[in-house]
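Novice: Note that the protein sequences, when read in sequence, are chains A and B. Last residue of the first sequence: number 168 in our numbering, and the count goes up by one each step with no gaps. Last residue of the second sequence: number 271 in our numbering, and the count goes up by one each step with no gaps.
Heads up, some of the hints might be wrong.
[Stated by the list, open to error] Below 27 angstroms or equal to it, Euclidean Cα-Cα: the simulated DSSO-like pairs (lysine-lysine) are:
1) A:K15 with B:K24
2) B:K174 with B:K83
3) B:K83 with B:K24
4) A:K128 with B:K217
5) B:K261 with B:K234
6) B:K252 with B:K234
[Stated by the list, open to error] Which bits of chain B does chain A cover? Going by a derived footprint, with three or more residues having C-beta under 8 angstroms, they are:
7) 84 to 94
8) 142 to 148
9) 194 to 208
FYI, nobody ran anything at the bench for these hints, they're computed from the structure. These numbers come from a predicted model, not from an experiment. We put the beta carbon where it would ideally sit given N, CA and C, even for glycine.
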Amino acid sequence: MHTLEPILTEHPFLKGLNHAYIQLITGCARNVRFEPGQFLFREGEEANEFYIIRHGRVVMEIFTPERTAIPIQTVEEGEIIGWSWLIPPYHWHFDAQAVDMVRAIALDGKCLRNKCEEDHDMGYELLKRFAHIMEQRLQAARLQLLDVYHPHSGVAGPSARALKNKKR
Amino acid sequence: MLPHPFTVERVRRETHDTFTLELKGTNGIGGFSFAPGQFNMLYRFGTGEVPISISGDPERSDTLVHTIRAVGTVTESMERLKKGDIIGVRGPFGRGWPVLEARGCDVLIVAGGIGLAPLRPVMYRLLSRREQYGKIAILYGTRTPSDILYSKELEQWRSRFDLQVRVTVDRGEKDWKGHIGVVTTLIPRASFDPHEAVAMICGPEVMMRFTIRELEKRGVRRSNIHVSMERNMKCGIGFCGHCQYGPTFVCKDGPVFPYEKIEHIFRIREI
Numbered sequence: 001m002h003t004l005e006p007i008l009t010e011h012p013f014l015k016g017l018n019h020a021y022i023q024l025i026t027g028c029a030r031n032v033r034f035e036p037g038q039f040l041f042r043e044g045e046e047a048n049e050f051y052i053i054r055h056g057r058v059v060m061e062i063f064t065p066e067r068t069a070i071p072i073q074t075v076e077e078g079e080i081i082g083w084s085w086l087i088p089p090y091h092w093h094f095d096a097q098a099v100d101m102v103r104a105i106a107l108d109g110k111c112l113r114n115k116c117e118e119d120h121d122m123g124y125e126l127l128k129r130f131a132h133i134m135e136q137r138l139q140a141a142r143l144q145l146l147d148v149y150h151p152h153s154g155v156a157g158p159s160a161r162a163l164k165n166k167k168r
Numbered sequence: 001m002l003p004h005p006f007t008v009e010r011v012r013r014e015t016h017d018t019f020t021l022e023l024k025g026t027n028g029i030g031g032f033s034f035a036p037g038q039f040n041m042l043y044r045f046g047t048g049e050v051p052i053s054i055s056g057d058p059e060r061s062d063t064l065v066h067t068i069r070a071v072g073t074v075t076e077s078m079e080r081l082k083k084g085d086i087i088g089v090r091g092p093f094g095r096g097w098p099v100l101e102a103r104g105c106d107v108l109i110v111a112g113g114i115g116l117a118p119l120r121p122v123m124y125r126l127l128s129r130r131e132q133y134g135k136i137a138i139l140y141g142t143r144t145p146s147d148i149l150y151s152k153e154l155e156q157w158r159s160r161f162d163l164q165v166r167v168t169v170d171r172g173e174k175d176w177k178g179h180i181g182v183v184t185t186l187i188p189r190a191s192f193d194p195h196e197a198v199a200m201i202c203g204p205e206v207m208m209r210f211t212i213r214e215l216e217k218r219g220v221r222r223s224n225i226h227v228s229m230e231r232n233m234k235c236g237i238g239f240c241g242h243c244q245y246g247p248t249f250v251c252k253d254g255p256v257f258p259y260e261k262i263e264h265i266f267r268i269r270e271i
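Let the sequences and hints guide you as you build the complete structure.
Specialist: This is the structure:
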C-alpha cells in the first residue's frame, strides 16, 4: 500500500526529521482536495488540521462587515498553511479559500498535539519548524504594513523620496 | 549641460498616477543611445528639472521613453504634456545595470512599484540576446492590482517558455486572482542557480534591504547583487554634490551600484 511517508520525508518542512517522527506524522496525514472557491477553513472554527499544499493556490482572507472579505496573503504549492492547531484556544483566525483546484496533505492537529505532548523532543522539532514559518510570515506582514509603494508612505524610495523635495 | 529640445510623440497612461512619454529629438538630434539603467534630466520649461530613468528599448535609439510617476510639481506638470509639446532633455547619465557581465549567468530581476521602469531596458536587452543568458526570472511586486506597470508586456513575457515572470501585490481585492504578498516571498519560488545568478534590484530602499536578505538566504553572492539607488540629483555629472551618497555620487557613480561596494553605507540611516 502506498503511504504519504515518502512525500512527507522529502518535503522541505519535514526534511531531516527523525524517521520515527515521520512515521508518527504520516499516521496523522491524509490526502485532501478542494474545488475553486471552497474553504479549507473559516475564521472562528475549531483548528484541528494544518495543510501542506501540493498543488494550487489558497488565499487567506479576513472578513470585515464594511469590505466583506479582504484577501491578505496567497499560499502556494510547497507551502504550509495553518498553525492555529498549535496554540490554544485552537480556533482559526482567518478564512482560507482555494483559488483554483487545490490538492493538499491535511495533518490532524489534534492527533499531532497528543503525540507532541507524549514526546517533547518531537514537539520541540515541530515547533522549531513552525516558528521558522511564523517568523517568515511575520516579517512579510511587517513589510506589507509599511505600504512601501504608496507615494505618501514616508518610506524612502524612488517616488517617496521625491516627495520630500516636493518640487519633483 | 544645456537641455536639448525633444518633442512628445506619445503620452501613454500606465496607472492612475503613472504615465509614459515617448520623445523624439528635434533640431536634427537623431539617435539616442543609452545603457539600461541610465537616466536623463527632463526639463519642463518654466517649472523645473527632474532625473528620470530611461525605460525604453536600448535597441530602438530613435525613440526616447520615460515612465514617470506624478508625485510633485514638475512631474505633475509633465503629466499634462500632449503630443507635439516640447520638453528639455539632458543625458544620458550614470552607470547602468551589468547586462554584459551577466552573460552566461542566470539573471534575477526584482522590482518594486515604479522600480520596474529602470529595469525594463534590461529585459529588452536580455531578450534580444536570449541565448547569452541562463535562466531569467522577473519578480515584480507592487501595491495593488491597479498599480501594476506594463501589465501587457508582463503578460507577454509570462507566455514565453524561457522566462519566469511572477507578479505579486501587497493589497489584493476580492476579484484579484493573482498572488498577494510582498515581493520577497517570490524569491524562494524562483528557479535559478544561486551560485551563478546575477540579481538586479530596484525599488524602495526598505524593499531592497529585505530582498537582499532573502537573496543571501538563498546563497546569492553579494558581489552578484546590484541595486539602483536614488538621491536628489541636480547636475547629473557629479559636480553639485546634491546626490552625494557616502564617498560616491549617485548621478555619476550610480545610480546602479554593486551591493558589495555600498554595503558599508547601505544600512547607515543618516546617509
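Novice: State the violated hints by number, sorted upward, taking the hints as numbered earlier in the document.
Specialist: 1, 2 and 7
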